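Engineer: Chain residues, written in single-letter form:
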Amino acid sequence: DGGITQSPKYLFRKEGQNVTLSCEQNLNHDAMYWYRQDPGQGLRLIYYSQIVNDFQKGDIAEGYSVSREKKESFPLTVTSAQKNPTAFYLCASSEDGDQPQHFGDGTRLSIL
Amino acid sequence: SQQGEEDPQALSIQEGENATMNCSYKTSINNLQWYRQNSGRGLVHLILIRSNEREKHSGRLRVTLDTSKKSSSLLITASRAADTASYFCATRRGGGGKLIFGQGTELSVKP
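First to last, the sequence lines map onto chains Y and U.
At position 79 of the first sequence the residue is numbered 79 (my numbering), and the sequence of numbers has no breaks.
At position 26 of the second sequence the residue is numbered 138 (my numbering), and the sequence of numbers has no breaks.
What the hints contain is simulated information worked out from the structure, not anything from laboratory work.
Errors might be hidden in some of the hints.
Pairwise CB distance ranges (calculated) [stated by the list, open to error]: (1) Y:S7 x U:N150: 16 to 22 Å; (2) Y:G40 x U:L173: 19 to 25 Å; (3) Y:S7 x U:T189: 47 to 53 Å; (4) Y:D38 x U:R166: 49 to 55 Å; (5) Y:E69 x U:K181: 42 to 48 Å; (6) Y:T77 x U:N150: 25 to 31 Å.
With a Cα cut of at most 27 Å, we get these calculated DSS-like pairs of lysine-lysine [said to hold, decoys possible]: (7) Y:K9 x Y:K70; (8) Y:K14 x Y:K71; (9) U:K138 x U:K222; (10) U:K138 x Y:K83; (11) Y:K70 x U:K182; (12) Y:K57 x Y:K14; (13) Y:K57 x U:K138; (14) Y:K83 x Y:K57; (15) Y:K71 x U:K181; (16) U:K182 x U:K168; (17) Y:K9 x U:K181; (18) Y:K57 x Y:K9; (19) U:K210 x U:K222; (20) Y:K70 x Y:K57; (21) U:K222 x U:K182; (22) U:K210 x U:K168; (23) Y:K83 x Y:K9; (24) U:K210 x Y:K57.
Listed next, the stretches of chain Y that the computed footprint assigns to chain U, with coverage defined by at least 3 CB atoms under 8 Å from CB atoms of chain U [stated by the list, open to error]: (25) 12 to 26; (26) 94 to 107.
This structure is a prediction, so every number in the text was calculated from the model and none was measured.
Just so it is clear, CB atoms sit at the ideal spot from N, CA and C, and this is done for glycine as well.
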């Protein structure tokens, strides 16, 4: 079955620590996206990538970094510069920018 | 920045009733999409309507789009308890696949 896998499901970060959230897809999609969702809110775009080795900042990129070295993988690093990282992080992919997005089941990040 | 705004923020109905959710947006769009999110899960795509379309159906779902009013509505007919979820509209403006999501409508269907 094709899909998007996010891991871990729950993650805890200590002060001053960088953490990396994994996102893998086997849908052969070119485009991938990272969103942040706060309680009772919609999704806000952090970073997106339309093709391998290329990515662009979204609306709230500060304190985050990404890489896109492989088509199937788009990891997100939450750096220590992100002062309010507690949120639900969702990864998505699509065939191209005009198609609907397929989502993983999210990673919930909390502060220790 | 949030482009879409859903109305109402929360909706509670009985099983068998219809549920209508509305979405308004601010700038011109290429398409508008509706997604569903069960608690603690990722979003699932429901339906996409392009800017040159006025209405689309998918099973018990009916979506309308009025570009002159910059608004869309999602109708779920004969609702079931399993329809309980949050529903989001998302608009796509230009290239790059960037979607702008609204804040969602939380639907509760009571058996």
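Engineer: None of the hints should be skipped; say for each whether it holds.
Structural biologist: The hints, checked one at a time:
1. Y:S7 x U:N150: 16 to 22 Å: Holds, at about 19 Å.
2. Y:G40 x U:L173: 19 to 25 Å: 24 Å Cβ-Cβ, so the 19 to 25 Å window holds.
3. Y:S7 x U:T189: 47 to 53 Å: Given about 38 Å between the Cβ atoms, the range is violated.
4. Y:D38 x U:R166: 49 to 55 Å: Violated: the Cβ-Cβ distance is about 34 Å, outside 49 to 55 Å.
5. Y:E69 x U:K181: 42 to 48 Å: This hint holds: roughly 45 Å between Cβ atoms.
6. Y:T77 x U:N150: 25 to 31 Å: This hint holds: roughly 28 Å between Cβ atoms.
7. Y:K9 x Y:K70: 22 Å, holds
8. Y:K14 x Y:K71: 30 Å, violated
9. U:K138 x U:K222: Since the Cα atoms of K138 (chain U) and K222 (chain U) sit roughly 33 Å apart, the hinted pair is violated (cutoff 27 Å).
10. U:K138 x Y:K83: 30 Å, violated
11. Y:K70 x U:K182: This hinted pair is violated, its Cα atoms lying about 38 Å apart.
12. Y:K57 x Y:K14: Holds: K57 (chain Y) and K14 (chain Y) sit about 25 Å apart, inside 27 Å.
13. Y:K57 x U:K138: Holds, at roughly 22 Å.
14. Y:K83 x Y:K57: Cα-Cα ~18 Å, so holds.
15. Y:K71 x U:K181: Status violated; Cα separation ~39 Å.
16. U:K182 x U:K168: 16 Å, holds
17. Y:K9 x U:K181: 40 Å, violated
18. Y:K57 x Y:K9: 24 Å, holds
19. U:K210 x U:K222: 35 Å, violated
20. Y:K70 x Y:K57: 18 Å, holds
21. U:K222 x U:K182: With Cα atoms ~31 Å apart, K222 (chain U) and K182 (chain U) exceed 27 Å; violated.
22. U:K210 x U:K168: 22 Å, holds
23. Y:K83 x Y:K9: 21 Å, holds
24. U:K210 x Y:K57: 11 Å, holds
25. 12 to 26: violated (count 0)
26. 94 to 107: holds (count 12)
Hints 3, 4, 8, 9, 10, 11, 15, 17, 19, 21 and 25 from the earlier list are contradicted by this structure; the remaining hints agree with it.
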